[in-house]
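*Asks:* Below, each chain spelled out in residue letters.
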Amino acid sequence: MGRIYYTRPDFSRRRMLRGMLGGAAVTVGIPFLDCFLNESGTALANGQALPTRFGTYFWALGMDEKIFIPKKVGADYDLPEQIASWKDIKQHVNLLTNYNVLTDGKPNLCHFTGWVALKSGTVPAARGMMPDPSIDVLVGDVIGGASRFKALDAAASGAVRDSYSFRSSDAINTPMVSPIGMYQSIFGDEFQDPNAPMFKPSTSIMVRKSVLSGIGEQSSELQKSIGASDHARLDQYYTAIRELEQRLELQTQKPAAAPSCKVPTDVDPATTVGIDTETVQWRHNAMSDLMAMAVACNQTRVFNMVYANSSIGCVRKGSDRTHHLITHEETLDQKLGYQPTNHWFLLRAMEAWAYYVKAFASIPEGAGTLLDNTVIFANSCQSFAKIHSVQGIPMMTAGKAGGVLKTGIHVDGKGEAGTQVGLTLMAAMGMKVSEWGKGSMKTSRHVSEIVV
Amino acid sequence: MRLLSTRNLIAAGLCVVAFAGAAVEAPEPAAIPGDTTVRLINGAQYTNVVRSLFGSDIRFSAKFPPMRRVEGLVTVGSSSAVVTPALLDTFEQTGRQVAAQVVDERHRTNLIPCAPKNEKAPDGQCASEFLAKVGRTLYRRSLTSKELEYWTASAASSAEQYGDFYAGLSASLAGMLVSPQFIFFTESTEPDPAAPGMRRLNGPSKAMRISMALWNTPPDERLIVAGETGDIHRPAVFKREIDRLIGAPEFRLGVRAFFEDMLVLETFDELSKDGGLYPAFTLKVAIETREQLLRIIEDHLVARKGDYRDLFTTRNIFLSQDLAALYRVPVKAQGSLSWVPYELPADDARIGILAQPGFLAINSHPGRSSPTRRGKALRELFMCQRVPDPPPNVDFSNFEDPANGARTARARLDAHSANPVCAGCHKITDPIGLSLEQFDGAGQFRTFENGAAIDPSGSLDGVTYNDAKGLASLVRNHPAVVSCVVDRFYKYSHARGVAAADRQVLKQLQDDFEKASYSFPELARAMVSDKEFFAIASVGDEKQTGND
Numbered sequence: 003m004g005r006i007y008y009t010r011p012d013f014s015r016r017r018m019l020r021g022m023l024g025g026a027a028v029t030v031g032i033p034f035l036d037c038f039l040n041e042s043g044t045a046l047a048n049g050q051a052l053p054t055r056f057g058t059y060f061w062a063l064g065m066d067e068k069i070f071i072p073k074k075v076g077a078d079y080d081l082p083e084q085i086a087s088w089k090d091i092k093q094h095v096n097l098l099t100n101y102n103v104l105t106d107g108k109p110n111l112c113h114f115t116g117w118v119a120l121k122s123g124t125v126p127a128a129r130g131m132m133p134d135p136s137i138d139v140l141v142g143d144v145i146g147g148a149s150r151f152k153a154l155d156a157a158a159s160g161a162v163r164d165s166y167s168f169r170s171s172d173a174i175n176t177p178m179v180s181p182i183g184m185y186q187s188i189f190g191d192e193f194q195d196p197n198a199p200m201f202k203p204s205t206s207i208m209v210r211k212s213v214l215s216g217i218g219e220q221s222s223e224l225q226k227s228i229g230a231s232d233h234a235r236l237d238q239y240y241t242a243i244r245e246l247e248q249r250l251e252l253q254t255q256k257p258a259a260a261p262s263c264k265v266p267t268d269v270d271p272a273t274t275v276g277i278d279t280e281t282v283q284w285r286h287n288a289m290s291d292l293m294a295m296a297v298a299c300n301q302t303r304v305f306n307m308v309y310a311n312s313s314i315g316c317v318r319k320g321s322d323r324t325h326h327l328i329t330h331e332e333t334l335d336q337k338l339g340y341q342p343t344n345h346w347f348l349l350r351a352m353e354a355w356a357y358y359v360k361a362f363a364s365i366p367e368g369a370g371t372l373l374d375n376t377v378i379f380a381n382s383c384q385s386f387a388k389i390h391s392v393q394g395i396p397m398m399t400a401g402k403a404g405g406v407l408k409t410g411i412h413v414d415g416k417g418e419a420g421t422q423v424g425l426t427l428m429a430a431m432g433m434k435v436s437e438w439g440k441g442s443m444k445t446s447r448h449v450s451e452i453v454v
Numbered sequence: 431m432r433l434l435s436t437r438n439l440i441a442a443g444l445c446v447v448a449f450a451g452a453a454v455e456a457p458e459p460a461a462i463p464g465d466t467t468v469r470l471i472n473g474a475q476y477t478n479v480v481r482s483l484f485g486s487d488i489r490f491s492a493k494f495p496p497m498r499r500v501e502g503l504v505t506v507g508s509s510s511a512v513v514t515p516a517l518l519d520t521f522e523q524t525g526r527q528v529a530a531q532v533v534d535e536r537h538r539t540n541l542i543p544c545a546p547k548n549e550k551a552p553d554g555q556c557a558s559e560f561l562a563k564v565g566r567t568l569y570r571r572s573l574t575s576k577e578l579e580y581w582t583a584s585a586a587s588s589a590e591q592y593g594d595f596y597a598g599l600s601a602s603l604a605g606m607l608v609s610p611q612f613i614f615f616t617e618s619t620e621p622d623p624a625a626p627g628m629r630r631l632n633g634p635s636k637a638m639r640i641s642m643a644l645w646n647t648p649p650d651e652r653l654i655v656a657g658e659t660g661d662i663h664r665p666a667v668f669k670r671e672i673d674r675l676i677g678a679p680e681f682r683l684g685v686r687a688f689f690e691d692m693l694v695l696e697t698f699d700e701l702s703k704d705g706g707l708y709p710a711f712t713l714k715v716a717i718e719t720r721e722q723l724l725r726i727i728e729d730h731l732v733a734r735k736g737d738y739r740d741l742f743t744t745r746n747i748f749l750s751q752d753l754a755a756l757y758r759v760p761v762k763a764q765g766s767l768s769w770v771p772y773e774l775p776a777d778d779a780r781i782g783i784l785a786q787p788g789f790l791a792i793n794s795h796p797g798r799s800s801p802t803r804r805g806k807a808l809r810e811l812f813m814c815q816r817v818p819d820p821p822p823n824v825d826f827s828n829f830e831d832p833a834n835g836a837r838t839a840r841a842r843l844d845a846h847s848a849n850p851v852c853a854g855c856h857k858i859t860d861p862i863g864l865s866l867e868q869f870d871g872a873g874q875f876r877t878f879e880n881g882a883a884i885d886p887s888g889s890l891d892g893v894t895y896n897d898a899k900g901l902a903s904l905v906r907n908h909p910a911v912v913s914c915v916v917d918r919f920y921k922y923s924h925a926r927g928v929a930a931a932d933r934q935v936l937k938q939l940q941d942d943f944e945k946a947s948y949s950f951p952e953l954a955r956a957m958v959s960d961k962e963f964f965a966i967a968s969v970g971d972e973k974q975t976g977n978d
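Protein chains in written order, with our numbering: chain L, 3 to 454; chain W, 431 to 978.
To be clear, the hints were calculated from the coordinates, so they are not data collected in a lab. Bear in mind the structure is a predicted one, so any value in this text is a computation, not a measurement. Check before you lean on any hint, since a few could be wrong.
[Unchecked claim] Simulated crosslink set (EDC-like; lysine to aspartate or glutamate; CA at most 16 Å straight-line): (1) Lys211(L) <-> Glu192(L); (2) Lys108(L) <-> Asp819(W); (3) Lys576(W) <-> Glu219(L); (4) Lys937(W) <-> Glu962(W); (5) Lys493(W) <-> Asp699(W); (6) Lys226(L) <-> Glu620(W); (7) Lys576(W) <-> Glu223(L).
[Unchecked claim] Here are the simulated distance ranges between beta carbons: (8) Gln591(W) <-> Gly441(L): 47 to 57 Å; (9) Ser482(W) <-> Glu219(L): 23 to 33 Å; (10) Val667(W) <-> Glu219(L): 33 to 43 Å; (11) Gln225(L) <-> Arg758(W): 39 to 49 Å; (12) Glu219(L) <-> Arg745(W): 41 to 51 Å.
[Said to hold, decoys possible] So, partial list: chain L residues that the calculated Cβ filter (under 7 Å) puts toward chain W: (13) Asn175; (14) Arg235; (15) Asp237; (16) Ala242; (17) Glu245.
For glycine and all other residues, C-beta sits at the position ideal for the given N, C-alpha and C.
Just chain W, with the same shape it has in the complex:
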């Protein structure tokens, strides 16, 4: 087996498909390193905030419209996303939905720390107490006196109109949930005492950047305090907080959020298969394939503190009763738990996350598998390589020309190799995808297609192998999967693209990752602990914070 040199790849700043004529260099982004960001909140973050404040009993749908994926990540796109009138309507509607429940008779006793003197009239003191408390979490800092006065007065005015204290309070809470201070994560700077003339992220922004990277949620109370007091700038406090965040259960949420973004898992919302062809692949199963993928990742990277690369060869998975039908194995629910750990047998053809339905089914057609899509997904999602668009004027008709007698995907795709226009790109994708052909469009194991035996052999960058296990092993040891996850997590945690100036930092992080035996929590720790993580490259006067 031949390994490519990661160092050379990184030094060149390129993602290279070693042999393919149609290989494409990843474009160098134009982002300015170290700039502050203004990120638009996404559905998961919104849900995390509401749940952390009010608990999981509050029912609402935070399925906000998808943001543009920039440099492979929605999180990077969130730094340029705008609020359309339709999106604002959604925020406003969702905010009212949440606020109405918080103040209803069922929840108010637990969620509102005080009771009004008269439920039919305004009560400034109680309103102020509640709004200051929730506002601190929503705005990731204490409300300014002006802000608190405004929202308290607004609650009073609304309460008068309704003749109901709680309805008034609900209106102010709904207003805060649609305000820009909540829906935009806005970073601010302050003069850097260690570097006269320069600026740095201020305490609250620093706390927010850490929390978003590690938990995908705004800072909790302890981190807010560290940010507001400036203690977060002290190395001992900073280290203690990073240790706490990585050790907390919320870190799992953060890991899930990152991989949801990296692996484009939002498309599962619309995944459906032909019920006649794949009766076991129900809507419930479709949703569970996504959850299964995240559970495998979370378990391996966080609970087991495993080597990131072993995700491609792990046999430790999770099954639900419905999902087990795709695996054709019996699974017994364990008490109230709907998911049970399951170890794939050593002789099972299925190994690692590439051979799970979460990867296989989403990268297939509704009624059949797709070696091309699977190969493309592996290249683009796990190796950060870009597969070019197909040329527009290609005739695929010989795919179904009866004279070809093609019964398997391999035979059909051979048609491409005869066409030089197609061959370049398909050489990049198909030899990978064909080795996953023993899993149909729903991810079920098979050995025949249309009565013909499936040949699962393949090759990756010139190295051949016999089956999906061979692919898993090769991918596991491919340097691109390591550089890719470092690159993606760097962009994710900064919510921006990378520029040439970032390459040196990326290389260092990759070295650190290797030294830490490819432990993802250690990668996260190294990422947010690097002084570069908070560096502000250039800040004009107009960007200086008002909170200096």
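Next comes chain L alone, as it looks inside the complex:
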């Protein structure tokens, strides 16, 4: 991939954190401190733009082309049956269809190749191989240091293995898997309410920072005794230490006011296990609300949500088959032109996506909403899951990324590399990336239809 720079002059204070994260030079802005919105609510009081956030969303097992893809390309697209639930969010959502994963002869690894290629720009050579970071990690390296959490990950499937966010095969980010666990992590004892009238730096945070700083200072001793390949691993450890120190440093200063931040108080304490659709949707909706509020409260600027596992999906209570099994075993209804039960599961997934988008769109921020200052990138693992097709895997974006993206547009990718979407979004986040992807997935083209 091309070199990545962050050049957006958005923040009143910034400092450079230089490292070699993912092979890219990195510049990280720190958050606006003591800032308030201007009178019109379109910017901070000092005239600078509101921060832009980046999120991802993953759902399993694709779509039914006949009832998913709108007939109309461009603005004000129609809503076929499978995405009818987007009625209230269509204006926020770009739908990107007919973009391909070009494998260059590498095997199509079922439920793996598609999402790895779209998330990282690289088609994996073997199962489990993820040689390049996912897009959220690249974006997080640039903007993630500006908040308490570098990124927040959640999986409505309830399984810690269900992550589609990774720096490499050995560094996969782990999601939170229950609403109560997520609440405790974000809004528990260590949460500092940005709207609290009083602010007193926490002794505990200052001590933690000091302890971590000491660990960093002892790094050379250990480095002496290990080989070159392990040096890189220790480097990543010390980078994580420095990043945590910096995030703690932020917490020793009065947080920026966040007028839309309303600390949740009523979180279901259940930790129900299971992947039946009702349970997954319960988890999903509760975690979506928490995620949106975590972003509104400036706890993170990068976030990832997983609806269901790529190779399992959900299960319908009382049924002996998972959604995944159904995609393969259910007969294509000749009259309808699709698989009815598979459609039922995909309807639920699209309802969940609509809920997620609404969660961000319903929080006011400045003159608009939180979603206006956010972009969420959604994708699945297959297009037609029955045959594990990676051609035309559907993708969506939601939000205007601070006004640099248009929304409400259906784009026909005309069979070109799906990496164009990721490249466009990185550019929308202010990253100067000249090209992205490897092999035939390498692209320097942006999806111009959605760029302002």
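Position chain W against the provided structure of chain L, taking the given hints into account.
*Replies:* Chain W alone, transformed into the frame defined by chain L:
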């Protein structure tokens, strides 16, 4: 019954499915034999260390994110795992959770060997005494004077900020619990006096490698001393320590850890079944099926010192009251014990670990059994064979084509045999899995599916049998199950893959295993006693330890 030649399989360096057209050679790993490793600690090891230091009264959750499984083992993956920012957050949070309890009023008297002169002020002497003691276990060696000075000074500085000695001590302990010296098991080398110009693992690293292999926990005080003094290099001391470790109760923990890794038991954390279809398979039962499997293994291999192969035919199991519902047998709790030993009747269709819910339920769908998954699991987990991924563009629709009239899994899977694209792989898995079809997706015995009688006959590598008992017997005598456990334990104990150069050692270990009547403790003893276990093949200058 036809047995394949283990020797030929090993000599060829292959795992071979004898008859199947789609058989796959296990890829030759690229690992360098004899290299030192830097392993990332896992949740079980973290728990073992904290418990050994502070007891089981300290409550914390060490559910760290799963590491990548490399060559079938998470332990091998731990040698390349990295610490992400999110993982570091988890380590830091867990460390603080543990440290806060160690110094709280309830625990400090028992866990801290001294009391400060003034609880509201730093006390360097007391802090140093405590940190030196716990640091020795956490770092698997004595802290250097520089390290001890640092952590003591850090405790003092924190105590001043808090105005509380114990809060300061807690901050330093939490810091040690997130430090790389604790969370990475780093091996170091020293010049080998017996081979000029060559290097060997130094004493502390040697002690650590033994302890991790046998106990899945860092060395205890006695082993640390043997490592630090260099006595561990003396054959008599080494033998005495190996005997002690294998004879200790902690060896059971080590055996459990190995089989948890080999059998991919971490997936039980997310196991759930449809409550309507399988009402007896509650969340509690799901957790207990895993525990049951480990108890059977531990009991058979360690307590009974049984033949490893007999795991596949043993009738000695353990039941809890809830789990007994799956077996439809009454079980009475024995006093405070929640688990009771149970011997399956000789005429029971259920025999060996393959027919227990721990294997059957995890290798099924949430709402039905899966002969394919079960067959695949047997091949991959117990025989170290690799079943290829299915081709992406296969249409399974005829599975539920009403015209097929398929009521059983066998009838449904017959559909695959008509499709040559599917047939190759399914021939590897399904004939095995179909013989376990008399156990449903929750592992409960049944004789009918959808009103049709279940035919439990099957075949393995061309040998046919009538039912699950026949499968158990055949697997028990299959050479691949022996070579597989040797191969996996070798990788596990070295925390790395094997290369061609390791094959000769593996063959020798397998012969030793056979001579020891397939006793797992003897396999473990032979593994860690082999001089190869500590051999360092190539060490560049940059890898030489600073502790020479």
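*Asks:* The structure should be examined with respect to each hint, and the outcome stated for every one.
*Replies:* Do the hints match the structure? See the list:
no. : hint                                : result
1   : Lys211(L) <-> Glu192(L)             : holds, 14 Å
2   : Lys108(L) <-> Asp819(W)             : holds, 14 Å
3   : Lys576(W) <-> Glu219(L)             : holds, 12 Å
4   : Lys937(W) <-> Glu962(W)             : holds, 13 Å
5   : Lys493(W) <-> Asp699(W)             : holds, 10 Å
6   : Lys226(L) <-> Glu620(W)             : holds, 13 Å
7   : Lys576(W) <-> Glu223(L)             : holds, 11 Å
8   : Gln591(W) <-> Gly441(L): 47 to 57 Å : holds, 54 Å
9   : Ser482(W) <-> Glu219(L): 23 to 33 Å : holds, 29 Å
10  : Val667(W) <-> Glu219(L): 33 to 43 Å : holds, 37 Å
11  : Gln225(L) <-> Arg758(W): 39 to 49 Å : violated, 60 Å
12  : Glu219(L) <-> Arg745(W): 41 to 51 Å : violated, 60 Å
13  : Asn175                              : holds, 5 Å
14  : Arg235                              : holds, 5 Å
15  : Asp237                              : violated, 9 Å
16  : Ala242                              : holds, 4 Å
17  : Glu245                              : holds, 5 Å
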